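Put the two chains together into one complex; each comes in its own frame, and the hints tell you how they fit.
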Amino acid sequence: MPVTLPSAHFERLFPGYVRFDETGKILSAGSSLRRLLGEQICGQNFLNTFEVETPRRVSTVDLLTDEREVTVKFQLSSFEYRMRGFVLREKESILLLLGHIPDTDAAQGASFLTMADFSPADGCLDLLVANEVRQGLLQETKALVAELKERTAEAEELANLDQLTGLINRRGFLRKLDEMLQEARLADKPFTVGLIDLDGFKAVNDVFGHAAGDQVLEQSGARIRGDLVKGTIVGRMGGDEFGLIIPGVSSEEALQELGSVVCGRFAEPFLIREGVARIGASIGFASFPNGAESAGALMEYADYALYHAKQEKGGNSVIFTADHQRNIRHRLKMERLLMEADDDEFYLVYQPIIRSEDGTMIGLEALARWTSPVLGEIGPDTFIRLAEQSGHVARLTLLLLKKALRDALTWPTDLSLSFNLSAIDLASAEAAKKIAYVVAASGFATERLQFEITETAMLRDIRRAQESLAMFTSMGIRIALDDFGTGYSSLNYLWQMPIDRLKIDCSFTQEIELRKDVRNIVQSVITLCRDLGIDCVVEGVSSNRQAALLKRMRAPLQQGFYFSEPMRSDEVLAMIGADNSGRPVSLPLVPAAIIKAGALRRSA
Amino acid sequence: MYGMVHNAARNMAVDALGNDEWALLLKTYKLSPDQFISNNNYSDAVTFEIVDAISERLGVGTNDLLRAFGRYWIEYAATSPFGVMFRVGGQDIRSFLRNLNRMHASIHATMPGSRMPSFEVLLETNSRIDVLYVSERIGLEAFVEGLFSGLLHHFGENGEVAHLESRTDGDVFSILLSGPRAAA
Numbered sequence: 001m002p003v004t005l006p007s008a009h010f011e012r013l014f015p016g017y018v019r020f021d022e023t024g025k026i027l028s029a030g031s032s033l034r035r036l037l038g039e040q041i042c043g044q045n046f047l048n049t050f051e052v053e054t055p056r057r058v059s060t061v062d063l064l065t066d067e068r069e070v071t072v073k074f075q076l077s078s079f080e081y082r083m084r085g086f087v088l089r090e091k092e093s094i095l096l097l098l099g100h101i102p103d104t105d106a107a108q109g110a111s112f113l114t115m116a117d118f119s120p121a122d123g124c125l126d127l128l129v130a131n132e133v134r135q136g137l138l139q140e141t142k143a144l145v146a147e148l149k150e151r152t153a154e155a156e157e158l159a160n161l162d163q164l165t166g167l168i169n170r171r172g173f174l175r176k177l178d179e180m181l182q183e184a185r186l187a188d189k190p191f192t193v194g195l196i197d198l199d200g201f202k203a204v205n206d207v208f209g210h211a212a213g214d215q216v217l218e219q220s221g222a223r224i225r226g227d228l229v230k231g232t233i234v235g236r237m238g239g240d241e242f243g244l245i246i247p248g249v250s251s252e253e254a255l256q257e258l259g260s261v262v263c264g265r266f267a268e269p270f271l272i273r274e275g276v277a278r279i280g281a282s283i284g285f286a287s288f289p290n291g292a293e294s295a296g297a298l299m300e301y302a303d304y305a306l307y308h309a310k311q312e313k314g315g316n317s318v319i320f321t322a323d324h325q326r327n328i329r330h331r332l333k334m335e336r337l338l339m340e341a342d343d344d345e346f347y348l349v350y351q352p353i354i355r356s357e358d359g360t361m362i363g364l365e366a367l368a369r370w371t372s373p374v375l376g377e378i379g380p381d382t383f384i385r386l387a388e389q390s391g392h393v394a395r396l397t398l399l400l401l402k403k404a405l406r407d408a409l410t411w412p413t414d415l416s417l418s419f420n421l422s423a424i425d426l427a428s429a430e431a432a433k434k435i436a437y438v439v440a441a442s443g444f445a446t447e448r449l450q451f452e453i454t455e456t457a458m459l460r461d462i463r464r465a466q467e468s469l470a471m472f473t474s475m476g477i478r479i480a481l482d483d484f485g486t487g488y489s490s491l492n493y494l495w496q497m498p499i500d501r502l503k504i505d506c507s508f509t510q511e512i513e514l515r516k517d518v519r520n521i522v523q524s525v526i527t528l529c530r531d532l533g534i535d536c537v538v539e540g541v542s543s544n545r546q547a548a549l550l551k552r553m554r555a556p557l558q559q560g561f562y563f564s565e566p567m568r569s570d571e572v573l574a575m576i577g578a579d580n581s582g583r584p585v586s587l588p589l590v591p592a593a594i595i596k597a598g599a600l601r602r603s604a
Numbered sequence: 605m606y607g608m609v610h611n612a613a614r615n616m617a618v619d620a621l622g623n624d625e626w627a628l629l630l631k632t633y634k635l636s637p638d639q640f641i642s643n644n645n646y647s648d649a650v651t652f653e654i655v656d657a658i659s660e661r662l663g664v665g666t667n668d669l670l671r672a673f674g675r676y677w678i679e680y681a682a683t684s685p686f687g688v689m690f691r692v693g694g695q696d697i698r699s700f701l702r703n704l705n706r707m708h709a710s711i712h713a714t715m716p717g718s719r720m721p722s723f724e725v726l727l728e729t730n731s732r733i734d735v736l737y738v739s740e741r742i743g744l745e746a747f748v749e750g751l752f753s754g755l756l757h758h759f760g761e762n763g764e765v766a767h768l769e770s771r772t773d774g775d776v777f778s779i780l781l782s783g784p785r786a787a788a
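Protein sequences, first through last, are from chains A and B.
In terms of our numbering, the first sequence opens at residue 1 and continues consecutively.
In terms of our numbering, the second sequence opens at residue 605 and continues consecutively.
No lab work stands behind these hints: they were computed from the structure.
In this text, all values refer to a predicted model and were calculated from it rather than measured experimentally.
The beta carbon of each residue, even a glycine, is placed where N, CA and C say it ideally should be.
Hints are supplied without guarantee of correctness; some may be wrong.
Stated by the list, open to error - Straight-line distance between alpha carbons at most 27 Å, and here's what the computed DSSO-like set of lysine-lysine pairs gives:
| # | chain 1 | residue 1 | chain 2 | residue 2 |
| --- | --- | --- | --- | --- |
| 1 | A | Lys149 | B | Lys631 |
| 2 | B | Lys634 | A | Lys149 |
| 3 | A | Lys142 | B | Lys631 |
Stated by the list, open to error - Derived list of chain B stretches under chain A, where covered just means 3 residues or more per stretch with a C-beta under 8 Å from a C-beta of chain A:
| # | stretch |
| --- | --- |
| 4 | 692-701 |
| 5 | 707-720 |
Extracted from the complex, chain B is given alone in its bound form (with noise of 0.2 Å):
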């Protein structure tokens, strides 16, 4: 995964255990700041690497740390430099889902290094969306539950989200969304 992952991973550790505390994991789990830079692309096991010592640090569990992770993610991205993508990508959580894989794709453009998911809404209606999520990456369900329930937090609205099956052309997730918005 590229480096600004590891930097959103890194930035949520820093915001739960403090700089003192990050220094201490980086020398403890012998991870290095090279491996921190937004630009670069690292084998998915240097990211996991990162995962797991941050997961053991904590004392949370790795499906709850990455669910953790996802919806974090969303937050950091869309504050960061890179939030503009976040406006391009539409309005609302309906359009964004919608317009993710071309967003996505443009990315690559840019990040060709970039192993990009796919995302395609199976199902819409007033108060749920099923999303079928493919990917070469195994084991990452828990983040993108974690990064759908971000979304639904960045606009504005109530819902959960729940991983409904796994197929064996993908991961089908239901975005059930509440309140008054879900019915409009």
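If we strip away everything but chain A, and leave its shape as in the complex, we get (with noise of 0.2 Å):
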């Protein structure tokens, strides 16, 4: 059914129609096409204004048959634009109904077009706006993006940036030393890693405070930094320790003279607030290629070598060598044999603790020993510490508690048997309770075992160490602190920890003949003891004139080389069973000096 239209109306709906006579030359437009365009497109020839893209092959006007679809393009600036219709043949004139096409050009073009351009029923305005609100969304993302990556690097410079000394910190110094690894791979070039750590510094932060230490600090930093090889990297690795990553150096004598003088740098006091603090500082090198060839070994190696400086006297500085090398290897090779040792090759020796008043043995302390098949008889400070820094203790403390308690088991009930435990086994609760099952498994009354632990043990965990204590005292275990008076000696522990025996260390029994500081000190102990009502075991008694001594002091319990040495229990046995007898034990380890006093009896 045909429809007419008001022309107003028709032209709302079809604002690029164009309408032209046989000839071609354009009747009149409609006003998006006149606007696009210019009013003076009407009286033009169509084919000189627009171009026939499809259908194909249009030379004239004729060859645009009736109720076809078309699609035409005409230069605006600088871009092509498209419309597409619809033919439609009229008595004298031909009318193309043309919409506008979305692509991109029409896009662009969009910055011409108003709504007026669109028929109410084009979905192409839709088209075109959901390009321009995704363009917008685009560049507003690209814009997100760029803030994100300047934030990004703002972060990463942060990440990297010691905040109190300026310096690179470890995660940018870790970083630094990765490239410069590489570089270095490259070029073929050597480079060294210096380790630097402050000697004193501790005190500074006692003495004066933690302001006080942050200012030395950021003093040591300036110090360090000043007027180093070029190219030198600075770093804080954290606390009181900085890093060097020196390009081109790798030489002994250039090491050790760069090392004298960053040391040498720490002569002069540092000024602070507070007052003066005088501090020191040890330096470990390690270079590559020649000391190794990876970062970590590097950091490892540097670190080593800061060992060894500060073991040395402090204050100087300490370049990896092969010999360092060859002790870690060893050091390695014991790990692995230790982490592969068979039970067998661990045993126990115990060490007799006597009574003073009158040379009564009241029990004996187990001491671990490992023989390996390999690197023989190792000493038990060192296989201890390492076993504990490997991971080991734990197997070990439990395999050695077992046969304690089953040596302990044959000797008569008025000896006690004292154990060491280490600090690993009372870092967990796992572990102290594997430890209270061992216990309670063997059959061994509790009230004769002790536990041996240092103040070291309880100092890394104290309230877990609490708990460990308490479960095992609850089971009517005792507790020793030992080795007391070489750690910080805290009087804290005394009443803090389920402490039933104090071991002076044998430090003290060492000097107490000759200085009456000592002797003062060890006398302070013993009354402080007796006044709290536990007990007190000097340790490391090796002559009579000290044990003789100990007892004028009150020293209730003695313990060393003295009275005898660390034996088998085998030898434990036979020594007891002499003694049973009431013949003299003939013992090999026992100074015959003692078993000829008696000093060595079983308590009745």
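Structure below.
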């Protein structure tokens, strides 16, 4: 059914129409075309203004057949603009009902277009708007990404910076080290890593407080940084430790000189608000490629050299050498052997604990020993520390505790067993439970058992240590504080922890005859223990004179080579048997003088 | 509302307060940077949370803030990456208002989560245009006032906007044009 529209409505519905006669002369055009191509479009030839893209080969308007779809294009500024529509052949004219095409050019053309260019029914507008919205969102996303990148770069810089000293921090230092390592490998150039630790810094913190410590750290950073080999990277590794990456230097002479220069910078005292602080610096160097070839190894070796620098006297530098390398290899070998060791390689020896008053043995301390089939006898200090560091100490504790309890079951019931626990044994509830289980399963009377722990073991995690010790004491096991006087010797432990016995370290005993002050300290501790109602054992007694002196000082218990060297289980049994029989004990480990004096007797 | 509205509110607040104060505002009012992603559609509660926070921080009543924000939104949107839609919308305030529903419909096609209001021109003379504003949202009359005021400014017109009446079918606003262009 034909519909006749008023011209205004027709214009609104078809703002892109164009009408031309049989010769192609444009008779009229919609508002949109007039706006895009100018009012002068009327009167021009259709095919001079528009190119018919489809159908192809339309060279005269005659070829535009009725009711056929058509795509035309025309030049608009610098781009081609396309419209699509429908051909209606009228009596004396041809009408093209054209609409805009939402392609890229049209989107560009959107800057020319307004709502009036689109028929209300033309969804093309929605597509153009969608295109604009998406462009906008894309632009906004790009801006966000750029902002994010900027913030990331800022965060990265901050993440690698030590706020206090303005130096790069450990993270940044390790990154630089990786970069340097890559460059050095490619260019085959040496470089050296240095680790610096401040000597006496803790005392500054303790005496002046942390604010003063911060000032010293800040000034230390500045002193280290000043006038080094060109291109040297300085970082703060954390705490009072600094790091150096020194390009192009690896010779021993150059490093020794550099070490002296840097250490020398700490000779001058530090002026801080709280006063004057004096500290020193120790340095460990490790070089690429002679010392190590990976970042991890360089750091480890520099740290190893630093450890030796601090061990020597502090305030100097040590360069990681082939000897150090050999020591590390030996340690690794020992660690491997320890890990693979059979249970039989470990055994216990026992050292008697003697009552001063009458020389009676009241118990024995179990001491661990390891005989490696490859390395031979390894000292307990060495292998126990190694076991602690390598995470094997828990296995050793349980193994040796079982052996000790088994041995002690054969002893007379008035002899107690003292057994040493490591810090790690107290550090977890699970480890403590396993120990408790071994004790319970052994059938050994818990009131005869004493666990010896060091201050260091408690310092590791006091709350956890308290819980573990509480569990042991609830079972009737007694606790001895070992090596008293060598650590922080905090008297807090005596009331915070369930301590039944305190063992004064052998370093005091060695000096007790020679130095009055040491004698006074030992006397004070003995008196303190008596007042607190706890046992006191003086360790390391090695002479008759020491034993006699300690007896005069009313030390209740003593232990040491003077009374007996540590004995194997069968030797203990032999000694006990001899004593029981009333005959003199003829153990080679027991000094003849003691046997004669009858000092080594089992209590009645 | 879509996050682009939140972004406009943030920009307005940053213009007034500065970046540091804005960061403090986010922290104080427990607002999250996640609430400012343009293409995300947020519940109106989030939008009002932001508006209330800015209003409280600036010490401006909610309606005054919404009015100011309406004006700000027009300039923000016109100069934003989405500004081309303003040009397509019309060359003057009259054609723009007539085309507004169509523009919103087109935007809705891209942002289907949007709940667009409608604007119907009830009266148009040389010096006055009355517009019926219908929205399923309530409480935004001051914002609409600000929008019309912003449009006047955007198209270089002088005039005033008044909220004439609230009817059951919507709210009628009157844009009173003054100055030489009003008589044209």
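- [ ] Starting from the hint list further up, note which numbers the structure goes against and sort them upward.
- [x] The structure breaks none of the hints.
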